[in-house]
Amino acid sequence: DGGITQSPKYLFRKEGQNVTLSCEQNLNHDAMYWYRQDPGQGLRLIYYSQIVNDFQKGDIAEGYSVSREKKESFPLTVTSAQKNPTAFYLCASSATGNTEAFFGQGTRLTVV
Amino acid sequence: AQSVTQPDIHITVSEGASLELRCNYSYGATPYLFWYVQSPGQGLQLLLKYFSGDTLVQGIKGFEAEFKRSQSSFNLRKPSVHWSDAAEYFCAVGPVGNRDDKIIFGKGTRLHILP
Chain A
44 DGGITQSPKY LFRKEGQNVT LSCEQNLNHD AMYWYRQDPG QGLRLIYYSQ
94 IVNDFQKGDI AEGYSVSREK KESFPLTVTS AQKNPTAFYL CASSATGNTE
144 AFFGQGTRLT VV
Chain B
1158 AQSVTQPDIH ITVSEGASLE LRCNYSYGAT PYLFWYVQSP GQGLQLLLKY
1208 FSGDTLVQGI KGFEAEFKRS QSSFNLRKPS VHWSDAAEYF CAVGPVGNRD
1258 DKIIFGKGTR LHILP
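As you go down the protein sequences, you meet chains A and B in turn. With the working numbering applied, the first sequence corresponds to residues 44 to 155, in that order. With the working numbering applied, the second sequence corresponds to residues 1158 to 1272, in that order.
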């Protein structure tokens, strides 16, 4: 079945450690997105990529980094510079043009 | 700049009652509009979308939405809600295919269902 896979579903890390969240899609979509979700704040865009080897900062990119070396993969690294990393992270993808986004099931990151 | 406003943070309705969730957008051209639903701890699922044509669009789970250009609105409706409809609902606009375009989401409306 085609879809987006985020792993792991739950992730725990100690403060000061970098952590990488995985996002893989087999929908052959060109565009991929990372969102952060906190209670009452909706979805905030961290980074997005419209094509391989290219990506743009979203509204809250500070403390995060991404890469897009392959069309199907868009990993997100939460660095130690992110002041408040505990949150629910959602990855999405869409075809180019005017189409909807498809979402993964999310990764809940807890930093202690 | 694109923006999406969902004026209601929480909505409570009784099971079997009708539902309308409001969404207003700001966009310089004909927008592409979406409604998504999210159950706790899950990803977002597309309910319906509007690209062009008929301004009343039908979606899954008995939902529909009406695009009103004059009011810059895309409200979601359901004639009779079920307890399983309790979730958070997000309205979204875009993208339009330009390199820097991205999907913009509203802050969401949490729907509570009374038995």
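Careful: at least some of the hints might be erroneous.
Said to hold, decoys possible - In silico DSS-like pairs for lysine-lysine, Cα to Cα no more than 25 angstroms straight-line:
1. B:Lys1259 with A:Lys100
2. B:Lys1218 with A:Lys100
3. B:Lys1259 with A:Lys114
No lab work stands behind these hints: they were computed from the structure.
Checked hints:
A distance of roughly 11 angstroms separates the Cα atoms of B:Lys1259 and A:Lys100; the hinted pair therefore holds under the 25 angstroms criterion. With a CA separation close to 35 angstroms, the supplied pair B:Lys1218 and A:Lys100 exceeds the 25 angstroms bound. Note on B:Lys1259 and A:Lys114: the hinted pairing holds, with a Cα-Cα distance of about 18 angstroms set against a maximum of 25 angstroms.
Hint 2 from the earlier list is the only one contradicted by this structure; the remaining hints agree with it.
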